[in-house]
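A.B. asks: Sequence:
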Amino acid sequence: ELLDDYEEGTWTPSLKGADGNGGITSYGGTPIGVYTKIGNLVTVSCVIYNTAHTGSGAAHVFGLPFACSSSAEAVGTYQVNTHSTAYASGITQVAAIIQGSNSHIHFRGYHTGTSTGPYYVPMQNFTYLRATITYQTNA
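Residue numbers for the sequence shown follow the numbering used here, so the first one is 649 and each next one is one higher.
If you are wondering where the hints come from, they were derived from the structure by calculation, not from laboratory data.
It cannot be assumed that every hint is accurate.
[Claimed, not checked] Straight-line C-alpha distance at most 20 Å; calculated DMTMM-like pairs for lysine to aspartate or glutamate:
{"hint": "1", "residue 1": "685", "residue 2": "653"}
{"hint": "2", "residue 1": "685", "residue 2": "667"}
{"hint": "3", "residue 1": "685", "residue 2": "721"}
{"hint": "4", "residue 1": "685", "residue 2": "655"}
{"hint": "5", "residue 1": "685", "residue 2": "652"}
Could you put together the complete structure from these sequences and hints?
C.D. replies: Right, here's the structure in full:
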């Protein structure tokens, strides 16, 4: 049957910097993550409450329930409240990204009007981070 491979569950999102360090000071409860897997497609959503962090560099959310397929990349949406640091000037199209074989989400945008490479959203203080993304897995 089409829905023989259907699964719902929870996962624990973990916010870390590109340096591999992380840790957040949460309030209002622990980070929340839910997923639905149908066949090889996984949709994950998370909410992270954060007022302080210990990581540095680009922000990543770890703990995805399944790794992304090595031949796939996914783009999703995210939203944060009360950034402590604004994006650099000229940054557009910021999105949640999962690249092939990865088990984490990073947040990337682009510089408008230049040939500069992608912009990676840095670790920063915020009130809430909410993200949703659908990706392919080999699991």
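A.B. asks: None of the hints should be skipped; say for each whether it holds.
C.D. replies: Right, here's what the structure says about each hint:
1. Under the criterion of a C-alpha separation no larger than 20 Å, the hint pairing residue 685 with residue 653 is consistent with the structure, at around 8 Å.
2. Between residue 685 and residue 667 the CA atoms are separated by roughly 30 Å; this puts the pair beyond 20 Å, and the hint is violated.
3. Pair hint residue 685 plus residue 721 holds up; C-alpha atoms about 16 Å apart against a cutoff of 20 Å.
4. For the hint pairing residue 685 with residue 655, the CA-to-CA distance comes to about 5 Å; that is within 20 Å, so the pair holds.
5. Our distance criterion of 20 Å between C-alpha atoms is met by residue 685 and residue 652, whose separation comes to about 11 Å.
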